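**Student:** Residue numbers (full-length UniProt numbering), protein chains in the order written: chain R, 1 to 270; chain F, 1 to 627.
Treat the hints as calculated values from the structure; they're not laboratory data. The structure displayed is predicted, hence computed values, not measured ones. Incorrect hints may appear among the rest.
To be verified - Footprint (simulated), chain F over chain R, 3 or more residues, beta carbon under 8 Å:
| # | region |
| --- | --- |
| 1 | 7 to 15 |
| 2 | 148 to 162 |
| 3 | 237 to 249 |
Claimed, not checked - Listed below are several chain F residues computed to face chain R (Cβ distance under 7 Å; list not exhaustive):
| # | residue |
| --- | --- |
| 4 | Leu74 |
| 5 | Ala362 |
| 6 | Ser369 |
Glycine residues also receive a C-beta, built at the ideal position from the N, C-alpha and C atoms.
The lines below spell out each chain.
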Amino acid sequence: MRIAVLLSAGRHPVSGAAVLPRLEAQAIRMAAGLGEVVGLHAGPDSAAVTDALGQGLSRIEHITVPTGDDPVPALAARLAGTTPDLILAGRRGQGGDESGLVPYALARALSLPLIPDVIAADAEADGALRFDQSLGRGALRRLLVRGPVLATCHPDAPPPLAYAYGRARRGSIETVAAPAIGAGPIPALTVEERPYRRRPKLVKGAPTGGSAAERLKAATGEAGAASAGRLLIDPDPEEAAREILAHLRQIGVLAPPGQRAPAPSLPSQM
Amino acid sequence: MSYAFTGLVWLMAALALVQVSRRALLWRAGAGAPVAWLDGLAKLPRRYLVDVHHVVARDAYTSRMHAVVAGGLLAASLLTALAILPPLADFRPYWFLVALAFGVTAVGSLLVGARRYPEKQKRLSAGRFQILPFLLVAYAVGGTLTALLLAFGGGGSLLAPAALALAAAGGLGLAFEVRHGPMRHAAAGALHLVAHPRPGRFEGRPDTALQPLDLDAPRLGSEMPADFTWNRLLSYDACVSCGRCETACPAFAAGQPLNPKKLIQDLVAGLSPAEPAYAGAPYPGGRAAQGERGALARLIGPDARIHPDTLWSCTTCRACVEECPMMIEHVDAVVSLRRHQTLELGALPAKAVGPVTDLRQAGDPGGRSLGARTDFAAGLDLPLMAARGEAPVLLWLGEGAYDLRYGRSLRALVRLLREAQVDFAVLGAEERDTGDLARRLGDEATFQALARENIATLAQYRFARIVTADPHALHALRNEYPAFGGHYTVVHHTAFLLELIRDGRLKPGRLAALSVTYHDPCYLARYNGETEAPRAVLDAIGVARVEMGRSGKRAMCCGGGGGAPVSDVPGERRIPDLRMAQAAETGAGIVAVACPSCTAMLEGVTDRKAEIRDVAELLLQAVEAGR
Numbered sequence: 001m002r003i004a005v006l007l008s009a010g011r012h013p014v015s016g017a018a019v020l021p022r023l024e025a026q027a028i029r030m031a032a033g034l035g036e037v038v039g040l041h042a043g044p045d046s047a048a049v050t051d052a053l054g055q056g057l058s059r060i061e062h063i064t065v066p067t068g069d070d071p072v073p074a075l076a077a078r079l080a081g082t083t084p085d086l087i088l089a090g091r092r093g094q095g096g097d098e099s100g101l102v103p104y105a106l107a108r109a110l111s112l113p114l115i116p117d118v119i120a121a122d123a124e125a126d127g128a129l130r131f132d133q134s135l136g137r138g139a140l141r142r143l144l145v146r147g148p149v150l151a152t153c154h155p156d157a158p159p160p161l162a163y164a165y166g167r168a169r170r171g172s173i174e175t176v177a178a179p180a181i182g183a184g185p186i187p188a189l190t191v192e193e194r195p196y197r198r199r200p201k202l203v204k205g206a207p208t209g210g211s212a213a214e215r216l217k218a219a220t221g222e223a224g225a226a227s228a229g230r231l232l233i234d235p236d237p238e239e240a241a242r243e244i245l246a247h248l249r250q251i252g253v254l255a256p257p258g259q260r261a262p263a264p265s266l267p268s269q270m
Numbered sequence: 001m002s003y004a005f006t007g008l009v010w011l012m013a014a015l016a017l018v019q020v021s022r023r024a025l026l027w028r029a030g031a032g033a034p035v036a037w038l039d040g041l042a043k044l045p046r047r048y049l050v051d052v053h054h055v056v057a058r059d060a061y062t063s064r065m066h067a068v069v070a071g072g073l074l075a076a077s078l079l080t081a082l083a084i085l086p087p088l089a090d091f092r093p094y095w096f097l098v099a100l101a102f103g104v105t106a107v108g109s110l111l112v113g114a115r116r117y118p119e120k121q122k123r124l125s126a127g128r129f130q131i132l133p134f135l136l137v138a139y140a141v142g143g144t145l146t147a148l149l150l151a152f153g154g155g156g157s158l159l160a161p162a163a164l165a166l167a168a169a170g171g172l173g174l175a176f177e178v179r180h181g182p183m184r185h186a187a188a189g190a191l192h193l194v195a196h197p198r199p200g201r202f203e204g205r206p207d208t209a210l211q212p213l214d215l216d217a218p219r220l221g222s223e224m225p226a227d228f229t230w231n232r233l234l235s236y237d238a239c240v241s242c243g244r245c246e247t248a249c250p251a252f253a254a255g256q257p258l259n260p261k262k263l264i265q266d267l268v269a270g271l272s273p274a275e276p277a278y279a280g281a282p283y284p285g286g287r288a289a290q291g292e293r294g295a296l297a298r299l300i301g302p303d304a305r306i307h308p309d310t311l312w313s314c315t316t317c318r319a320c321v322e323e324c325p326m327m328i329e330h331v332d333a334v335v336s337l338r339r340h341q342t343l344e345l346g347a348l349p350a351k352a353v354g355p356v357t358d359l360r361q362a363g364d365p366g367g368r369s370l371g372a373r374t375d376f377a378a379g380l381d382l383p384l385m386a387a388r389g390e391a392p393v394l395l396w397l398g399e400g401a402y403d404l405r406y407g408r409s410l411r412a413l414v415r416l417l418r419e420a421q422v423d424f425a426v427l428g429a430e431e432r433d434t435g436d437l438a439r440r441l442g443d444e445a446t447f448q449a450l451a452r453e454n455i456a457t458l459a460q461y462r463f464a465r466i467v468t469a470d471p472h473a474l475h476a477l478r479n480e481y482p483a484f485g486g487h488y489t490v491v492h493h494t495a496f497l498l499e500l501i502r503d504g505r506l507k508p509g510r511l512a513a514l515s516v517t518y519h520d521p522c523y524l525a526r527y528n529g530e531t532e533a534p535r536a537v538l539d540a541i542g543v544a545r546v547e548m549g550r551s552g553k554r555a556m557c558c559g560g561g562g563g564a565p566v567s568d569v570p571g572e573r574r575i576p577d578l579r580m581a582q583a584a585e586t587g588a589g590i591v592a593v594a595c596p597s598c599t600a601m602l603e604g605v606t607d608r609k610a611e612i613r614d615v616a617e618l619l620l621q622a623v624e625a626g627r
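Here chain F stands alone, though its shape is the one from the complex (with noise of 0.2 Å):
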């Protein structure tokens, strides 16, 4: 009798290795891609136990529920598989060790289910996902009956087999549904968190750069499954369908065409034609799923799996990344794959060819003068590194500098400077945009062009760092402009203005009487993790901070990123007015900013109620007031 419990284990082990095969052979279409396996492996555990538990401890139930049911599961199962041992199989109490164990799974298993039943919560998959608390059920109480019959020596009696066959049941139905069903994200999620692309972020820096490409490969960017490096592949195998992603996503919530988990599914199903059909929260504007399936598919088309407009809703603000337990990486699918769109076939969105050819040809997406970059300044009377040769601080401007309401703001930070007596100076008409809408957009070519150019003008100069008000600059700068031969240490502004208060260079009065809420910018937050600066300069300043619900590193984006307001993709809804209704709930009066594309995105929402004002904006007012 033990035996044959025992038995089923391995055998379970074994149906569950040949499932995960099966896969595995569809992630061998995928392009070669280099994997440290041996560090993978011996980082696994660390990389499950404290980046994965990180992300999933932020919904407590469900954090408890998964460390009750695949602790229990894989205890239990692990004990009963040590069991062929014959010293083992024969002691009873140990059996009673086994019985705990599965009885523990059995309380998961009802966890689960009620997340499942009576009715199921809205961000989750139905489908295959709702018939696997029946299968962690009849396995953890089989288990355990038939442990427990071990434990007692009444392995003979009639009950046993009827233990056993329950246990068979669901066991055997668990290691089946490793290769399209819920436990396919246990397996795949394990590989990918060994081979996972980017290693870099279990490391405790963000590794958000996107990967250059190869502009002499044969093919750009991907059009097919085939296309995505084989552990891309497998990371699309990890999705567990939590829907997480989709909460976050503010093109979801505007009501565009994306949901990120249907997205990656679609890559899933993309790949293979048996993959069962999606039970999930659909694109919004409800798109059935069409086209051909498989390794050579093409992906994207009006009658392809995913539409363009989906591709193009993205604003690339990395918060379905943020939220994914399985450490997925939406956003470089989705560069990937507007890279061949772009690249290949030239199918940007309409309302995107203009900015995106201004661009290439004139170094700014509005196709301006570069040399009335610094207009905003008259009368300030902006040092030129050009004159100068060096300074300590470059300032970066960037292309808010154009834009009349950013211009305010950077006139703040320029009058700040002067305030703290830092000797900076500007590149004016040699400064060339970074790059980043280009980038977003999939434009590589033009992106690694802008780089090299302003690479080599960066060059001529001796500075010691670079200041910039653009997050989308900063994160081009400090994080993908080393891949071409650029190396600069770049601060952000709130960053640096904080320096300056803490070494008494600026001496700000209080502004006690303002409330204020900070919306943290996707490329400063997410992207670069700095969250705090500018909340120890509203801090400095005296203002009453109130925080919204989604705040730091969670925060919602404003609808400005990855090129979305040039694509502009129709909605229900749209991405800034969401986030300004998230603002108004605080009551706070003053929204502060750190970005030009938040403030442009932000102060565009008609009937708000607070105002949009630059965090440099607020402190050259309290320094002003302590004059």
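The shape of chain R in the complex, shown without the other chains (with noise of 0.2 Å):
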């Protein structure tokens, strides 16, 4: 299996210094053992990536893409070229010149199918890969997927490998040729920089009162609507359609019987 990992020139969240995201990292830990592995970085200086041979990439091809140009449509070339199995990228950026969008962009341009938030990666016997795929505070979805894909790493997959200097030292960067292809600028995105401020966390229609392992219950969604459900076994169709009507009603996606929902409002009615 051939593994592309997309490299961007991160910096660290709290220096500020040129590094490897972290999740790009723990994506290359997640390549390694499953094939062939290459590292993939667009942009105006390999000298950006190079922590990558540090940590578990042995060879990367560098795209020189002029600063200030979009990096996708050389990247989507290059990887119509080698067509890679299985192409993998960080799930956001962490600052510099990273979007976070780069991965969507590429999925579109390649028109692959993107499973984001992917913790482990493994590969069938047939073939096929087979993705856990974190939806959040702990819950996992397996997924067989056939096929070229691209999937982003979430940060609970499993952290990075160390930096090994001699193993850096041994790898090499590869100055592939950009394709001709007029790379225009980046899209333009309205993005607004701030300092990180922390805000508290509030957990909607929590009960402010009650017991502890109340205020729990609440707020991990084991009470409420979602407790509240009832649980039919084998029932009628028509049973089933009610319920599930007046269930939709109830959180509101339907409105209430009845009360149809106005029609487009004629400007003379009257």
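From the two separate chains plus the hints, produce the assembled complex.
**Tutor:** Here it is in structure tokens:
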């Protein structure tokens, strides 16, 4: 299996030093052992990603893209040429020139399915890929995917490998020619950078009183609407439909009976 | 008859030489090392009689035993060998002298035997060492009888061949044992003293800085015996398996899988597949030796001679080096092996990866903002070097500044400096970690990068001295930065505070009601030889000071050095618990500390009866009491 790990010129969230983003280091570890792994970076300078050589990669391909240009067309052209079975990327940017949108733009450009928030990947005997996808709060979903696919790495994946200076020294960075396609500037994004501010986490509908156990139940979703459901075993289809409708009305998805959604009002009814 | 006897000694010498040469062939597998041969040879007697004796004499019985048996053996053998000269061979009173020397050896041999029979002392190794007393007794008694017969002119008697045969059995046995057995320590030990990799330690100053690693070398660190320099391989051969290191080792005491003696013996056995089986205390946890052996065999690995957990258990406290009568440098071996694991394989212990990565990427093992280092001093208004450009004293804060508990100690220090009107400044956000943690964990690349950045920062400012409360930072700045071009006068805060007291700039009152025992930080006492200043400060404030059983340069580690807290290798007990139990034996209500690691480790002990206070905190209390 051939795997490409997308590498970005990241910044350390605290020190601001140019580093390999943790998520991408985790992606490298996830890819190691699955097959032949190559790192791929499109940007003005390959020095930004040399760290990855010490953290598990032995080869990086670098496509020179001038500062300020969109790396997506160059990456897409390269990946369309090399056709790796799996493309791994981080799930979001952490400062610097990272936007976090490249995996999505690439998936669209290459018409590949994108599996977000993967914490483990494994190859089945028949060539399919088995992913463990994080659904948050420790919940996992197992996915079986055939054919080339793009996946992004979740922070719950195994921690990155230690940086080994000797390995970084032995690894190689190849500069591959940028494809002759017009790579325009990065599509304008209206973004604003603000220092991070810690906000209190509000739990919607949490009771302020009651015992600690009740508040915990409310916070973890084991109370309220979800827990109030009724369990019907092998119901009559009519009855099941009524129940579903009643539930949808209860949680406000459908309007209550008899109170039809207002028809588009005509300008002159009177 | 006399010539047969003399011939025996010469034959023994020849056999010993052959056996040493066979070892020397093994040492040749090691890397090259510059050795000042003539200088070392000239200084051998002094190194042996002063430096080695200083260590051996800590155990009075062993010291006397060794003086008698080794002195007797050498004297008797030399005298007998000299009898190859005809005038001596026929001079009967000479043989009385020889008999006397052999007699002394015989007494020593019995002293050697008494350590092993009827029951062997726990720290000693068995195996071939158990035969040693018999060989010694045979040689000494046989020699005494032969010399007496020659002295009385009974060389032709029927007893003579029997006595000579006894001496030959013992003597040739001893010479044969130079290759694999106990007598190897004598030959390799003498050569080791000549070709010691750290000759500076015999010059009366601590030579404890790790040697810088050439990061452009084709192989980094030691993977196999051949990666060590030849004189280090020789030094491991000098090990006499006395087990003093084992009794001093904190990790061994805590039941972590490290035994310095076994580690050195594994390096010996790893080099030579013919080495007889190890017969001392195993690594706690009892892992049998396995894996390939030979100069090119991998030493570290779950399936190799030394398990990685053994390597990462070491706190680099140097207690083993301090206790070793053969002057072996265990910590250098550990760090050299760690360097290969970390730099070439990235095989750091899982829990240490995070701190080392943060150290590399953010300049702090906690990944914290460098600007937050001075947060502990909120309200104290620390002057910044960047704003001043120069100050007589640069206060190096170290990693402890981020710790809430240790922040109290640093606040006390800052208030004392204010009280004494010391003009000082801190680097603030410009101060990076010294890289001590990375270096002890084998990440020399990160250490060197941090050292260069810190040296570049320090070069921008003018200051006379660096004062720090962190002995780890002190050791790096004082002893390890010079190799990278940073030469500074570095003073530990206890020494600086003592100076302020002696100059009359601090006038502490007396806290006679307190009973205090002082815990020596390894990096201050053993690495830098500073044991007196903190005690003098405590005496100046009039506390009742009691010493623990292990103190000064022989103190036990708190468990906080060498990256051991982040490696966190499981053991049966915790090192700080053991140390606090030793402190409790003194009955002191306060354990005085002088290091952020010791503060954190000892304060983390549950159910402790004593309070943990930094020397600066106690002094501040005394100064406030004296107002």
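**Student:** Take the hints in turn and mark each one as holding or not.
**Tutor:** Checked hints:
no.: 1; hint: 7 to 15; verdict: holds (count 3)
no.: 2; hint: 148 to 162; verdict: holds (count 4)
no.: 3; hint: 237 to 249; verdict: violated (count 0)
no.: 4; hint: Leu74; verdict: violated, 47 Å
no.: 5; hint: Ala362; verdict: holds, 4 Å
no.: 6; hint: Ser369; verdict: holds, 5 Å
In the structure shown, a violation is registered for the earlier hints numbered 3 and 4, in ascending order.
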